[in-house]
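Given two chains presented individually in distinct reference frames, assemble the corresponding complex, making use of the accompanying hints.
Sequence order for the protein chains is V and G.
Using the working numbering, the first residue of the first sequence is number 1, and each one after it goes up by one.
Using the working numbering, the first residue of the second sequence is number 1, and each one after it goes up by one.
You may find that some hints are simply not true.
[As the list claims (entries may be wrong)] Partner residues aside, some chain G positions facing chain V, computed with beta carbon under 8 Å:
no.	residue
1	Arg217
2	Lys284
3	Tyr302
4	Ser324
Calculated directly from the structure, the hints in this document are not laboratory data.
Ideal placement from N, C-alpha and C gives every residue a C-beta, glycine not left out.
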Amino acid sequence: MHLHAESARCSGCRACQLACSLHLFGENNPKKSALAIVPHFPDPGTFEVRVCTQCGACADACPTGAILQNEHGAYYINAGECTGCLTCVEACPEQVIFTHADREAPFMCDACGDCIAVCGMDVLSLR
Amino acid sequence: MYGYGGSILRVNLTSGEIRREPLPQDLARDYLGARGFGAYLLYREVPPGAAPRGPENRLYISAGPLSGLLVAGAGKCDITTKSPLTGGYAGASVGGLLSAELKYAGIDVIAIEGRAPRPTYLYIDDDRVELRDATAYWGKGSLTTEKALKEALGESFQIATIGPAGESGVAYACISHDFGRQAGRGGVGAVMGAKNLKAVAVRGTRSIPVAQLERYRELARAMYAACKAAPGLEAWQKYGTAGVTTWANEIGAFPTRNFRSGFFEDHSNLSGETMRSTIVVTDKACFGCPSPCGKYSFVRKYGVRVEGPEYETTALIGGNCALSDIEDVAYANHVCDELGLDTISAGNAVAFAIECYEHGIISKADTGGLELRFGDVDVVCALLRQIAAREGLGAVLGLGVRHAAATFGRGSEAFAMQVKGMEMSGYESRHAPSMLLSYMTCDVGAHHNRSWAITYDITRGRDAVTPDKAAKVIELQHIRPLFDCLGACRLQWVELGLDLGHYAPIVEAITGLPRTWDDLLTISERVWNLTRLYWFREVPGFGRAWDAPPPRTYLEPVETGPTAGKRISREDAERLLDMYYEQRGWDHDGRPTPAKLAQLGLAAL
Numbered sequence: 001m002h003l004h005a006e007s008a009r010c011s012g013c014r015a016c017q018l019a020c021s022l023h024l025f026g027e028n029n030p031k032k033s034a035l036a037i038v039p040h041f042p043d044p045g046t047f048e049v050r051v052c053t054q055c056g057a058c059a060d061a062c063p064t065g066a067i068l069q070n071e072h073g074a075y076y077i078n079a080g081e082c083t084g085c086l087t088c089v090e091a092c093p094e095q096v097i098f099t100h101a102d103r104e105a106p107f108m109c110d111a112c113g114d115c116i117a118v119c120g121m122d123v124l125s126l127r
Numbered sequence: 001m002y003g004y005g006g007s008i009l010r011v012n013l014t015s016g017e018i019r020r021e022p023l024p025q026d027l028a029r030d031y032l033g034a035r036g037f038g039a040y041l042l043y044r045e046v047p048p049g050a051a052p053r054g055p056e057n058r059l060y061i062s063a064g065p066l067s068g069l070l071v072a073g074a075g076k077c078d079i080t081t082k083s084p085l086t087g088g089y090a091g092a093s094v095g096g097l098l099s100a101e102l103k104y105a106g107i108d109v110i111a112i113e114g115r116a117p118r119p120t121y122l123y124i125d126d127d128r129v130e131l132r133d134a135t136a137y138w139g140k141g142s143l144t145t146e147k148a149l150k151e152a153l154g155e156s157f158q159i160a161t162i163g164p165a166g167e168s169g170v171a172y173a174c175i176s177h178d179f180g181r182q183a184g185r186g187g188v189g190a191v192m193g194a195k196n197l198k199a200v201a202v203r204g205t206r207s208i209p210v211a212q213l214e215r216y217r218e219l220a221r222a223m224y225a226a227c228k229a230a231p232g233l234e235a236w237q238k239y240g241t242a243g244v245t246t247w248a249n250e251i252g253a254f255p256t257r258n259f260r261s262g263f264f265e266d267h268s269n270l271s272g273e274t275m276r277s278t279i280v281v282t283d284k285a286c287f288g289c290p291s292p293c294g295k296y297s298f299v300r301k302y303g304v305r306v307e308g309p310e311y312e313t314t315a316l317i318g319g320n321c322a323l324s325d326i327e328d329v330a331y332a333n334h335v336c337d338e339l340g341l342d343t344i345s346a347g348n349a350v351a352f353a354i355e356c357y358e359h360g361i362i363s364k365a366d367t368g369g370l371e372l373r374f375g376d377v378d379v380v381c382a383l384l385r386q387i388a389a390r391e392g393l394g395a396v397l398g399l400g401v402r403h404a405a406a407t408f409g410r411g412s413e414a415f416a417m418q419v420k421g422m423e424m425s426g427y428e429s430r431h432a433p434s435m436l437l438s439y440m441t442c443d444v445g446a447h448h449n450r451s452w453a454i455t456y457d458i459t460r461g462r463d464a465v466t467p468d469k470a471a472k473v474i475e476l477q478h479i480r481p482l483f484d485c486l487g488a489c490r491l492q493w494v495e496l497g498l499d500l501g502h503y504a505p506i507v508e509a510i511t512g513l514p515r516t517w518d519d520l521l522t523i524s525e526r527v528w529n530l531t532r533l534y535w536f537r538e539v540p541g542f543g544r545a546w547d548a549p550p551p552r553t554y555l556e557p558v559e560t561g562p563t564a565g566k567r568i569s570r571e572d573a574e575r576l577l578d579m580y581y582e583q584r585g586w587d588h589d590g591r592p593t594p595a596k597l598a599q600l601g602l603a604a605l
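Isolated chain G (complex conformation) (with noise of 0.2 Å):
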């Protein structure tokens, strides 16, 4: 098949089985790839109800048609499975090398299922695939096992590794790779480890065949002449995703102690300028990126050296647990890295429990003696490795901040920052609904990715609440999560403007299969809707009350900064859903109606 690796490798971690089967061309022509491919055989071959971290779960580590491919930023890799923090649908991202070696090892998905007896690791060389111990790895660091990996493997093959959080069972757990990446979001690390999985390690040495070898030449070197050409360029090399700090702050944006502010008082010793200036080495870039957001750097005051912080890790870690210094942050950062955590809920996580601590929801007899409190990086240290270790405070806190808040209890639900169990990621959005109810409809819980819609509210008008803004979430929640079935980074498009229209021929002259942009928006709707849907079958009760945001966006007012004394009022959060159901083609609950469904050919399900 054009432009596939053309094969599903299934791994059944309990029989020892592997084998490799045909990629099926109608989930090619209905799915895509990656996110698409994830979410159709999650919900296909998981039975209903299974337990996240039981045998029954899968994972699936997917690319899509244009990874490994000459495509500006064709380096996304997808991971899906059930989600142990959210008990529902879970795809997260990770860039670097990962997808790109997977196509030229001839594969599209590795299906993951059962429960290895002993630690294990999977090695994949071309055709060889074996399961291989991986006791001496076990208990290590998701950095060091790579790198020990790759010095007993060879530097060519391309790891996902698991750290002690993953090990441990941490419901934020992220899998790691190329030093630096992380499929971050909804606890994939956690399910890995469950399954006495430690690591993947793949080395492919094949070609991706393509069905216009020309017209595909030819609209790559358009495509990369293009980026080259933004003039958004520069800045976003020199500073990645850590140039959103500065302006996140401006608009009141930045997550604050616990997102009780959106601007903190020390941001420009965070920003991408100082971080640029004091501790960045190398950029570093995931496959065929001609703007890499990758920022390797060399923390001198610890000694250490990490990929980052990017934004959503200095938002999280920095801000939101009031760190103002820039390579305390970065050690943080490295902290998390080395355990496996997902710096997101991470960040959330610590900056709860110090506010709970503040309220004296919780003391010294809960947090071992440690005295919490924001702006202190030896307590937001000491809770990461509590959390990772499952140890004293860690044991809630690593359940994510729902299950910390129905345990803690006295009021502290109010500010749990999350959305159906996942904790929230860099945008406090109080005064910005088309944000806020893109965190209250995501399909993974409290996460940025699939829209980023706070531009619209600045451009819009930031107290509307309109139907427009429903809408923008909706075509957003389209072309962006686009991007993550077809292998590649939706940033060029963001970021440097290039233009959407290159997507289309080039997927075509790739695989061969006549496709227009329209096409392919419908597959991502199809893949919306088929999340949704997984989220009704698997969570009893499902619907409405689970795109509630956090009570402290309509209780508290915004404390300080730009966006001070805002809030959204409850009822205006409401009046948002109705517009954003109407407008999907679902119901007042917020289930898909029988029509939306037959219009997305997913009536059998």
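Just chain V, with the same shape it has in the complex (with noise of 0.2 Å):
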């Protein structure tokens, strides 16, 4: 189960990182959430939406062995056994393993969905 975004839907509203901080954190912040919304304007004037595949790029890069799979098999990073050394940033061909100055660990995607149900535009859907 992994997070799908029809990239040419999404009119760059970023409900769905406020939704991704407040499920991973409990936090209002577009900083902290674990999709890339990269605007490009003026031209050719589009969204891409950036999201976790749940490839395993990162797990298979990660020194510590710190990156797991949850119930749903979505990957996610266990922070007590994370070194904080970037590796799996590096490793992620999406570009969505991302930091925040609050924390030593990065975070990405466990799918939960929660991006999905205020997106108006539709971008979202777990297959």
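Take a look at the structure:
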């Protein structure tokens, strides 16, 4: 099960990012979300949505084995085992493992689906 | 403070001093946020009689308690100042991502005073706040500047900037943001230009604390679910405000050829359907919005991109200048956006000049040899460029149609479509008394956003000049500007029919302050009366005469279309004002009575 995004439908509102940070940390902060909205303006005028495909490259790269799979099969970073080396951030082909100054460990999508419910444009789905 | 950024950032451009103050709790309690903060601070801090373009005037850029939170449409930012267009209160609303970013940087209000010695931009990266040299950007267009600043600072910075019109002091220069969103009305961009402030760049990485986290999340989910289930969602997402164009023509409300008519014979060329099928490439939302009205377009004929045109631009640049090709309207929109011109006032100014030319009030000697005529995109764009540069005819037109009519004279005052010095937005209202009253009494001048009452005229009966019409205008003037205090968009309510019952609980869950809907409306009424007091304080002789409609509305019947032959009598306009003042608790001259001020906690003012 992984998140899928249809970028062409995205209007760039970032409600998904807020829902994400609320799920991950109980905080209102798009900079603590695990999906990226990349605007390409003024030219060509499109939004690119980048989401975790659950490919597992991060888990393969992690030197301490801190990246595990939850009951839905989605990867997550066990902060207790994470040394903050950021090897996973480098390894992620989608660039969707994120860091924030508040947190030692990076964070990533756990395929919870909270973002889907607040997207008015039906960009996101779990597959 | 729950739900707020928690500080006022004070920037003195003259001295270079920058400091943060905690947001006063009683300010949040009594004025809520955004528009409320701006109106209060303007009244208290800007000295009476301050010149709008002088260093004593201040510019307040404010977020509201909902800005940046998980609330449908929580992306509105208020910009308040003393208006160079009207000489009174200016509060302009802009969408996009600006107010959210301010909150993430821990800021509710940026209060800007003084005048920088050289072109400057304000740089905010959380706690790091600097005034930086903007010489390299001065003279550049708004879109160009935003792109350049994002390239220099990073995509995650949100930019508010002025274009050449703001630099040259056009009285209706706007402040632009997010490649096509504008704080459009009242000349807020000219105030920024007079302060030598080219742009504000902000990035914030903090979280906004809320009082009741789980209740808030639950209410937020319900709000988004209700929007997504709304029957009107699909059409609104498809066409945005452009969907109004066809309807406005059907009811004879589409300003055409300087408001001579309410029907444009070529309107189908400008409709939302035409626009969607020919130029729109991307739907573009403000922060947290499930129903984006922003339509980003590629205009093949000119090879340019533009957000829009939205309805107001199509009305004032399209119908009002009689442009009958959506690509021409979109191109003129792009020209306005790059120059930093409010399309509503600019469309009025151009149409006014063309009508003056048709009547022989001005000639080629005034226009630099340009033959002015309706329906010619080259004429429109040539005038827009003259206006932004304040050159030729633009020197006069750039100060607004009231000023231009006073300069040209010879009866042109009758068709200068303005109230309080602000040009009228996109609803021809001679057969819509409550809409006309909305324009007459709006607290920035002839703008529709405080009260969009034309649907009430249609359901209630368009000829009726009755007290309920004044009551409806007052009701809307409290509800709609309340959204501008909250830092959220009203269009989920207006266009999707989102129940207003969603708002007070989520405000309460976010801020932790007990609030009912009536409490919130009382704040909105307080702000409305405060802005009225500001007009009385700042404009010598201010009173009833400033609420008069443009003479065309009562002197001349509508020329063509569904409302052909209709006009409102001057007596009926005065009766509407009588009803309105009485219901508001204002005296015959439109001044709030001591009893009303005491009721709203404004007696000390």
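Hints, one by one, checked against the model:
Contact between Arg217 of chain G and chain V, as hinted, is supported at the beta carbon level, the nearest pair being about 6 Å apart and thus within 8 Å. Given hint, Lys284 of chain G at the interface with chain V, holds; its Cβ is 6 Å from that chain's nearest Cβ, closer than 8 Å. Against a cut-off of 8 Å between C-beta atoms, the interface hint on Tyr302 of chain G is violated, since the closest Cβ of chain V lies about 14 Å away. A distance limit of 8 Å between C-beta atoms decides the matter here; for Ser324 of chain G the minimum to chain V is near 25 Å, and the interface restraint is violated.
When the structure is compared with the earlier hints, violations turn up for hints 3 and 4 and for no others.
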